[in-house]
Amino acid sequence: MEINTILLIEDNPSDVELTRRALTKSRIKNNLIVMEDGEDALDYLFCRGAFANRDPYDLPTIVLLDLHLPKVDGFEVLKAIRHSDITRRMPVVILTSSNEEVDVATCYDNGANSYIRKPVDFNQFVEAVNHLGLYWLVINEKPPLPL
Amino acid sequence: MLNSFIAGLVNNATMLLALVLVYETVTPKGFQNQLLFKIIQGVLLGGIVVGIIANASVLWMGAIFDTRSILLSLAALFFGAIPAVIAGLFAIFIRLCIGGSGQVTGISVIASSVLWGLVFRHFHSRYKVPYGVREFVSLGLVTHIVMLALMLLFPKGEGFEVLKHISFPVMVIYPVVTIIMGLMLSRSQRVKQERLMIARNAENYRQLYESAPIAYQSLDKDANFIDVNQTWLKILGYEKHEVIGRNFMEFLSPESLEASLACFARFKEQGFVENVEHTMLKKNGEKIIVSINGTIMRNEDGSVKQTHCVFTDITQRRKAEKDLKSIEWMLSKKPTELQVTSPYGDLTRLNTERLILDSVGKDVLLGLVSDFLSLLDTSAAVYEKNGDYALGIFASSWCQYLDLASRNLCDTKDNARALASGKWHCHESCWTKISKLAIETGDIIDQECAGGLRLYAVPISTSQGIIGALNLGYGNPPTDDATLSEIAAKYQLPIEDLKQRAGEYLTRPPFIIDQAKHKLHIAARIIAEIVERKNTELSLIKAQEELNSYFNNALDLFCIADTDGYFHKLNNSWTTVLGYSLEDLSHARFLDFIHPDDYESTLSIVGTLKEQKEVLSFINRYRHKDGSYRWIEWRSYPSGKLIYAAARDITDRFEYQKTLQKSEAKYRQLVETAYEGIWMLDRHGTIVYVNDRVKDMLGFSREEMLGKSAEDFIFFDEVEDHREKMQARSRGISGRFERRLLKKDGSILWVLISSNPLYNDLGEFDGNISMHTDITEQKVAEEQKRIYTMSLENQVQDRTAQLQNAYKELESFSYSVAHDLRQPLRSISGFTTILKEDFGSILPLEAQKYLSTITRNAEEMDFMIKALLELSQLERNLTTLRPVNMQEIVSKILDSVLDNDVRSTFMINIGDLPIVMSDYVLINSVWQNLISNAVKFTLPKTERSITIDYYRTEEEIIFFVRDSGVGFNDKYKEKLFGVFQRLHRKDQFDGTGIGLAIVKKIINRHNGNVWAESKLGEGSTFYFSLPLQDET
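So the protein sequences, as listed, match chains X and L. So the first sequence is numbered by my numbering: it starts at 1 and just counts up by one. So the second sequence is numbered by my numbering: it starts at 148 and just counts up by one.
Derived by calculation from the structure, the hints in this document are not laboratory data. From the three backbone atoms N, C-alpha and C, an ideal C-beta is built for every residue, glycine too. Treat the hints with care, since some could be wrong.
Claimed, not checked - Which chain X residues stay away from chain L? Per the calculated CB distances, all over 12 angstroms, these:
no., residue
1, Arg27
2, Asp43
3, Ala50
4, Tyr108
What the hints assert, rightly or not - Straight line, CA to CA, 20 angstroms or less: simulated EDC-like cross-link-like pairs of lysine to aspartate or glutamate:
no., chain 1, residue 1, chain 2, residue 2
5, X, Lys25, L, Glu984
6, L, Lys1013, X, Glu101
7, L, Lys560, L, Asp493
As the list claims (entries may be wrong) - Just some of the chain X residues that point at chain L, by a computed CB distance under 8 angstroms:
no., residue
8, Asn12
9, Ser14
10, Asp15
11, Leu18
12, Arg21
13, Ser97
14, Ser98
15, Lys118
16, Val120
17, Asp121
18, Phe122
19, Phe125
Build the full structure now, drawing on both the sequences and the hints.
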């Protein structure tokens, strides 16, 4: 837990690549873990399946969550995170291309900490990721671990 | 020798004094018997005399001298004759024994001493002054001068010799000793007398204290009894040992205890009590009221030692006062008008039972009740059995006051609701607690009510049982604080009011109350009697009416006639049967109406009746007023000369047979030839008749159908229904329904059936008759129609579903446009940028230009997608109209579109724009598009002006944005508002070509129009109209 971990849940490899680059450009040197679908992400967070040996209290500092995911979509992932006693305080930032009002509302209703729409322009995207990293990894006080 | 004689005398005197002293102390006291006492006294004194004579001083043989004269004279003086004489006799006896020459002298001295003492005593007692020195000196001198004189009695001149020797000592010693001894006795006697006086006084006081008519008690500081007198014990009925040591409070009535404790404390502080009243308990439990006066005795340190109190029993006085008060009430009592109405209205209006109320009547009830109410000035109620009020009067001020107070507690204007609320305490007491109980138990109920008085309720019972109850209130309102405050709390009234009213209440004398109760009983009996009589009367009237109505209205003929052949009384039916009025028939000779052929038989019947035999069936003919004859069947009962007869006009029945035969033929024909199929079933459902038409309808011949069950011809799934319908017929119910029948060829025949039950002569169910109308064609048409309708509905549903699907598809399409299409765009843009960043240095300039083009195109596509989305959202979202301030929107947009530097180069005119009903978000978008377009197309010009204003027509309000921009060719203006339509080249003016399409869509959704005018190079004007809404 010494190194802050960022969990990116994103199925599109291009977007993963772009996010990784944006983080690098923002000099955010945290450990980036990528889960390509909702099911894997939940397995990782709750230490199931392939991640059964993981320490369940070793939580990422922040989760960047896309809404459109194969198998289990982003809303379900968010709900599962908020329903578990262990993960419910974990900051979750929605990072998506949707700007539908319905989607924004549903995310906040389900306890998203932040909602960021991915801009098409890469420079703007880098800027957004930069702000995001600065805020959630540096300024924001981490929630206490649940017992 | 003389000296020794004198010494002997002194000695003797001393001995006397000593013996007298001893005597004083040993003399027994308190003898009741005075004579015995005096004898004892005498004997004792005699003893002393003997003593001193025995120790006399001897002058010579036979002449002895001692102090006997002193003792005897003083004994006579102090103790009177009896002891002195006894002592004297003792002295004489001993002197005789001694003998000698002085014997005579000695004895005479003894006698004279006693005598002188008695003489002094006799004269002195007249003055009642205690003996003093004067008396003793004179007694001493007189006694002893006489004694000296008596010496002369000595024989032969011995006397002078003796005188010579003793004169001096006797005259010196004897009087002195007499004085000393006299004083001694006198003092002792005075002491004795004083003691006696004190003892007598004490005894007097004691007697006074014990027998005084006032009770006395003494308590210690803790109120324990120290002493009480006999009167106390007599009043309270205790023995003294049962009282002493116990506490005063144990002898108090419990209700007086608290006040008494406080009073005792105050008493100890103040040091006295005056006329304080306590209620005490006698040993037999009786209560008495006492009035106590007393003082406190204190120890030297000021603490309470004990109390001295006296009291008198004032119970009788209180009772007398009370009696007096009740007499006062009687004297002051005036005849009062009963107040029947109360402020909340008449409760008897709620009476639904009305047995007592209607039978007896309000006025009579009032009269009955006022009989005892006027005696007592109290309250009374009469209840029906179910608790309804037949009467309720509150004549006593206390009842009126409390009843109204508890009525107000109910907090409703509706009396019925108030009665049911349970908060109407007076009603609760009067009905629920007391009168209801009287009705339920049938007993007299005498109980305390909520208001502290007593209620006396008596059930009203008739031979039919208890029909209600009657009660009255009596007794005095409570006066003690505890009960009053309880009532005050319950009724929520100020306790001062209650106290005052309770105080003002005048006690009614007990015999008046008894009288009123007695009258109450009588009233209850009268009410019961009246109700009972009324009942009997009503049922009699009813029976009479029933009889009359039966007699008059019965269809049968009734009459009373006599054996002489005359009608007496007839009922109305006769008028219809014979056509004559009742006046014509009454007292007419009935034999005059009889058909000549029946005359003889009728006469013989009358003969039978004369013999007092009844005639049960006899038929003859009577003449109708029109001359025709009616057949009459008789049942007659004789009763003396009178005949009671019931008769029936059977003419119709006689003629019915013929008519029936005729009509049957008629109907048969009708049935046979009817167009409807007709069949008859017996009660088991077997076909017993079919007409010809059935054969045409079903194809079965009559023979094939008769005797078969109707079920054989009914479509199988309707058999159950057929059975139910048969059941209904058996209950006398007709029916009309549709039914499917099986034709001989196997096809189905739809029929409309009208079915009626049939009865046999006894009126029993005997099957049914049904008419069948063929409705097969109609039914087929209906079925066809039903199928069409159903398929039409299905089609509509299908289409609706299709439309909904299409709509959903559209929605998900636009959703994926927004997301799925933008994702690759982002990748294109992203990786192009990365390429430029990472490999820009090694790429040729041209390649870099291409990369920029790629990026720009991606951005443009993103922009177009966004615009498209916006447009599609417009389709999906509803418009919500509310007042929108156009002026405000326009100002805001201008501020955001033009920064200050650029703005200064524009001439901008904005009219006074109104507030219009519209969708804020959408109309905002309209202005945004129009204003940014105007700015965009004006910027290239040097003369820059924008005018925004509006005007009204009759039905619309029209806004416009006019610019001095580049304008457009007017012939393309139709294309302006299409999607992705552009009138300028991309390199000239930026834009998606979708803004005006959005404007058009929005304005159309507001039921308005949008249009534009322009001249190339001179500027353009864009208009949009909104329909005028009502100003509200």
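Verification of the supplied hints:
no.	hint	verdict
1	Arg27	15 angstroms, holds
2	Asp43	25 angstroms, holds
3	Ala50	27 angstroms, holds
4	Tyr108	19 angstroms, holds
5	Lys25/X to Glu984/L	11 angstroms, holds
6	Lys1013/L to Glu101/X	14 angstroms, holds
7	Lys560/L to Asp493/L	12 angstroms, holds
8	Asn12	6 angstroms, holds
9	Ser14	4 angstroms, holds
10	Asp15	7 angstroms, holds
11	Leu18	4 angstroms, holds
12	Arg21	6 angstroms, holds
13	Ser97	5 angstroms, holds
14	Ser98	5 angstroms, holds
15	Lys118	6 angstroms, holds
16	Val120	4 angstroms, holds
17	Asp121	6 angstroms, holds
18	Phe122	4 angstroms, holds
19	Phe125	7 angstroms, holds
Checked against the numbered hints given earlier, the structure satisfies every one of them.
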